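Engineer: As a plain string of letters, each chain reads:
There are 2 protein chains.
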Amino acid sequence: MRKLEVCFTPALLPLYDIRDSIVVIIDIFRASSSICYGIDNGAEGIIPVATVEECLQYGGSDFLLAAEREGKVVEGFDFGNSPFSYTIEKVKGKQIVLTTTNGTQALHQSLQADKIVIGSFLNKTALCDYLQGQQKSVLLLCAGWKGMFNLEDTLFAGAVVNCLREDIQNVDDAGIAAEELYLMAKDDLRDFLRKSSHSIRLEKLNIEEDICFCLQTDICTSVPILENGRLRKMTPTTISRVRRGS
Amino acid sequence: MRKLEVCFTPALLPLYDIRDSIVVIIDIFRASSSICYGIDNGAEGIIPVATVEECLQYGGSDFLLAAEREGKVVEGFDFGNSPFSYTIEKVKGKQIVLTTTNGTQALHQSLQADKIVIGSFLNKTALCDYLQGQQKSVLLLCAGWKGMFNLEDTLFAGAVVNCLREDIQNVDDAGIAAEELYLMAKDDLRDFLRKSSHSIRLEKLNIEEDICFCLQTDICTSVPILENGRLRKMTPTTISRVRRGS
Numbered sequence: 001m002r003k004l005e006v007c008f009t010p011a012l013l014p015l016y017d018i019r020d021s022i023v024v025i026i027d028i029f030r031a032s033s034s035i036c037y038g039i040d041n042g043a044e045g046i047i048p049v050a051t052v053e054e055c056l057q058y059g060g061s062d063f064l065l066a067a068e069r070e071g072k073v074v075e076g077f078d079f080g081n082s083p084f085s086y087t088i089e090k091v092k093g094k095q096i097v098l099t100t101t102n103g104t105q106a107l108h109q110s111l112q113a114d115k116i117v118i119g120s121f122l123n124k125t126a127l128c129d130y131l132q133g134q135q136k137s138v139l140l141l142c143a144g145w146k147g148m149f150n151l152e153d154t155l156f157a158g159a160v161v162n163c164l165r166e167d168i169q170n171v172d173d174a175g176i177a178a179e180e181l182y183l184m185a186k187d188d189l190r191d192f193l194r195k196s197s198h199s200i201r202l203e204k205l206n207i208e209e210d211i212c213f214c215l216q217t218d219i220c221t222s223v224p225i226l227e228n229g230r231l232r233k234m235t236p237t238t239i240s241r242v243r244r245g246s
Numbered sequence: 001m002r003k004l005e006v007c008f009t010p011a012l013l014p015l016y017d018i019r020d021s022i023v024v025i026i027d028i029f030r031a032s033s034s035i036c037y038g039i040d041n042g043a044e045g046i047i048p049v050a051t052v053e054e055c056l057q058y059g060g061s062d063f064l065l066a067a068e069r070e071g072k073v074v075e076g077f078d079f080g081n082s083p084f085s086y087t088i089e090k091v092k093g094k095q096i097v098l099t100t101t102n103g104t105q106a107l108h109q110s111l112q113a114d115k116i117v118i119g120s121f122l123n124k125t126a127l128c129d130y131l132q133g134q135q136k137s138v139l140l141l142c143a144g145w146k147g148m149f150n151l152e153d154t155l156f157a158g159a160v161v162n163c164l165r166e167d168i169q170n171v172d173d174a175g176i177a178a179e180e181l182y183l184m185a186k187d188d189l190r191d192f193l194r195k196s197s198h199s200i201r202l203e204k205l206n207i208e209e210d211i212c213f214c215l216q217t218d219i220c221t222s223v224p225i226l227e228n229g230r231l232r233k234m235t236p237t238t239i240s241r242v243r244r245g246s
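These protein sequences, in sequence, are chains A and B.
Residue 1 is where the first sequence starts when you use the working numbering, and the numbers rise one by one after that.
Residue 1 is where the second sequence starts when you use the working numbering, and the numbers rise one by one after that.
Since the hints were derived computationally from the structure, they do not count as laboratory data.
Be aware that a few hints might be false.
Given that identical chains are not distinguished, each listed pair holds provided it fits within a single copy or across any two copies.
Claimed, not checked - Keeping only pairs whose Cα atoms sit at most 20 Å apart, straight-line, the calculated DMTMM-like set for lysine to aspartate or glutamate is:
{"hint": "1", "residue 1": "Lys92", "residue 2": "Asp62"}
{"hint": "2", "residue 1": "Lys195", "residue 2": "Asp62"}
{"hint": "3", "residue 1": "Lys195", "residue 2": "Asp167"}
{"hint": "4", "residue 1": "Lys195", "residue 2": "Glu166"}
{"hint": "5", "residue 1": "Lys204", "residue 2": "Asp129"}
{"hint": "6", "residue 1": "Lys3", "residue 2": "Glu54"}
{"hint": "7", "residue 1": "Lys136", "residue 2": "Glu70"}
{"hint": "8", "residue 1": "Lys72", "residue 2": "Glu208"}
Just so we're clear, the structure is a prediction, and the values are computed from it rather than from any experiment.
With the hints as constraints, model all of the structure from the sequences given.
Structural biologist: What follows is the structure, encoded as structure tokens:
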């Protein structure tokens, strides 16, 4: 039976059998939001790598190198994971190599999944349309913060559960909890998140504009999907073709 | 600074530094509820052991042997973890050796904590009174289900967060989420839990009476505490003495 599960942190991923599932990587502040925005803005591809060292191996002018650790751009890199670094002007036609504290780590731990896609509030409807059209189980993988649960990733997982409810009845306890939290918070996500310890940590980084940007819904119409180690655009056309099963 | 954290499953416990904290073991259906009820009913002590084999080593008439796996009493044992096996008639003055699928495992993973106590809706106020009187950080450890998140343990953790809010401001994201879920569910816990996958699993075990029993609040006035490998009663007198710091 088709399942819809939420894994609150990559530290729990070994408990799930994802071999036949679509895994959605969620790292709202800010990796998955920036990836969605960058791909939607025409980045040719985003290559997620686990370490700063791997990132550095992609030298030369062919690649933009992006590295974030502890919420900051790693010294010497073009940029980190602020969505404002992923505008059309900066990324159109470019290849980006990206490593982040939580998001890209979560992705690398999911490599045995049937498919890996990237989700954020920015591409919520495109993502849900795609997932609805697939006859696969879905695991929503929250990147969390250093292995721990965080609220913002959970709220987005809850938003997706809420969208997919009619298609998939078999939802785990984590999915139920995430959906309830989302329903409670959805009218003012920013306000709800002010309570969160992670938000406080992020506020110290002085990225309020990034936070508000990442909480916008549906400013992107595409879904990044991992193919041959590279995230590329799956367009609405591709998505609806998949839905029709053609 | 004093912290109040919620760990959703023992699989995440290695991420927390508990050496200077009080860990509260929570396994609402049913180990922690039954332990609270048994201790309150005068059980001399409850010895939690990790495996069925260890349990069997306590032979002879001196001990009641209790073993639960997959929600059922293990064949050949006196009883499992139904609270109805922990009445005064059955347990007063007795030593019980207990092993369960999730609860006793969580306890054994917490042995480096400063103190380990047991929490359930049955002793909620006694537990919160005790925790308020201590100047320690608190980790609420949900036993979950085979390493995964479950709703009922989370709701109780949320109830405790809600009680301790004024004493401890430093609450992690998991604690915030648990409290929000509790506030949403508290008027009818049983109804809220009907949505839960774990409840469906428990319904199959035909333990509806146990479930309703375990959702009662404050029918016990004591807190079980681990001392020298044995859970024993910490009475309200002890608790208030601790609060006064005498």
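Engineer: Next step is simple, just say for each hint if it's right about the structure.
Structural biologist: Taking the hints in turn, this is what the structure says about them:
no.: 1; hint: Lys92 <-> Asp62; in the structure: within (13 Å within a copy, 76 Å between copies)
no.: 2; hint: Lys195 <-> Asp62; in the structure: neither (42 Å within a copy, 51 Å between copies)
no.: 3; hint: Lys195 <-> Asp167; in the structure: between (32 Å within a copy, 17 Å between copies)
no.: 4; hint: Lys195 <-> Glu166; in the structure: between (31 Å within a copy, 15 Å between copies)
no.: 5; hint: Lys204 <-> Asp129; in the structure: neither (36 Å within a copy, 34 Å between copies)
no.: 6; hint: Lys3 <-> Glu54; in the structure: neither (35 Å within a copy, 37 Å between copies)
no.: 7; hint: Lys136 <-> Glu70; in the structure: neither (35 Å within a copy, 28 Å between copies)
no.: 8; hint: Lys72 <-> Glu208; in the structure: within (14 Å within a copy, 51 Å between copies)
Hint compliance for this structure: hints 2, 5, 6, 7 are broken, all remaining hints hold.
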